[in-house]
Amino acid sequence: MRPENERKLAVILGLVLLATAALCYTVLKPDAPEEPVRMLFKGSAGDVLFTHQIHVNEYDTDCASCHHNLDDGDEEYNCSECHEPGASEDDDVMGRTDAIHAQCIGCHEEMEAGPTECASCHATPK
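Those letters in the sequence shown? Residues 1 to 126, per UniProt numbering, in order.
No lab work stands behind these hints: they were computed from the structure.
Just so you know, not all the hints are guaranteed correct.
[What the hints assert, rightly or not] Each pair of labels, with its calculated beta carbon distance range:
{"id": "1", "residue 1": "N57", "residue 2": "E109", "range": "53 to 63 Å"}
{"id": "2", "residue 1": "L18", "residue 2": "P85", "range": "13 to 23 Å"}
{"id": "3", "residue 1": "R38", "residue 2": "M111", "range": "15 to 25 Å"}
{"id": "4", "residue 1": "G46", "residue 2": "D92", "range": "25 to 35 Å"}
{"id": "5", "residue 1": "V27", "residue 2": "Y77", "range": "25 to 35 Å"}
{"id": "6", "residue 1": "E117", "residue 2": "A22", "range": "44 to 54 Å"}
{"id": "7", "residue 1": "A45", "residue 2": "D90", "range": "18 to 28 Å"}
{"id": "8", "residue 1": "G114", "residue 2": "T26", "range": "37 to 47 Å"}
{"id": "9", "residue 1": "L18", "residue 2": "I105", "range": "45 to 55 Å"}
{"id": "10", "residue 1": "N57", "residue 2": "N78", "range": "13 to 23 Å"}
{"id": "11", "residue 1": "D90", "residue 2": "G46", "range": "43 to 53 Å"}
{"id": "12", "residue 1": "L17", "residue 2": "G86", "range": "22 to 32 Å"}
{"id": "13", "residue 1": "V37", "residue 2": "K8", "range": "41 to 51 Å"}
All values reported here derive from a predicted model rather than from experimental measurement.
We put the beta carbon where it would ideally sit given N, CA and C, even for glycine.
Work the whole structure out from these sequences, hints included.
So this is what it looks like as structure tokens:
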């Protein structure tokens with residue numbers, strides 16, 4: 001085979017392999033987990049990265065530990081469905097930020113584990 005034909009064949013074969021790889025990547029990528037694995041809470045004191053897997057697997061907590069007011073069989077819901085951002089102390093239900101702080105810090109203090117200082121959870125804003 002002539003060098004020109006070998007080069008063309010190599011280029012065509014390379015393009016076919018590249019197209020196949022791109023197709024496999026888009027079609028065969030793993031599904032997202034049904035439950036969130038990590039959540040990023042944005043905050044003025046810095047963002048907080050919460051990892052469900054660590055709390056469930058390593059600390060043996062269950063969903064109802066944080067997602068309170070659940071009856072058996074209820075679906076978990078987002079905090080902000082009840083705890084609205086920016087709610088005032090006059091409201092019947094705590095605001096989102098206050099509720100999350102009370103839940104996390106309260107559990108950490110009760111279990112005598114986990115951080116309770118702001119900078120331990122909140123990343124320093126850039």
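Tested hints:
1. N57 to E109: 53 to 63 Å: violated (22 Å)
2. L18 to P85: 13 to 23 Å: violated (46 Å)
3. R38 to M111: 15 to 25 Å: holds (21 Å)
4. G46 to D92: 25 to 35 Å: Holds: the Cβ-Cβ distance is about 29 Å, inside 25 to 35 Å.
5. V27 to Y77: 25 to 35 Å: This hint holds: roughly 33 Å between Cβ atoms.
6. E117 to A22: 44 to 54 Å: holds (47 Å)
7. A45 to D90: 18 to 28 Å: holds (23 Å)
8. G114 to T26: 37 to 47 Å: holds (40 Å)
9. L18 to I105: 45 to 55 Å: holds (51 Å)
10. N57 to N78: 13 to 23 Å: For N57 and N78 the Cβ distance comes to about 22 Å; the hint holds.
11. D90 to G46: 43 to 53 Å: violated (28 Å)
12. L17 to G86: 22 to 32 Å: Since L17 and G86 have Cβ atoms about 53 Å apart, the given range 22 to 32 Å is violated.
13. V37 to K8: 41 to 51 Å: holds (46 Å)
Checked against the numbered hints listed earlier, the structure breaks hints 1, 2, 11 and 12; every other hint is satisfied.
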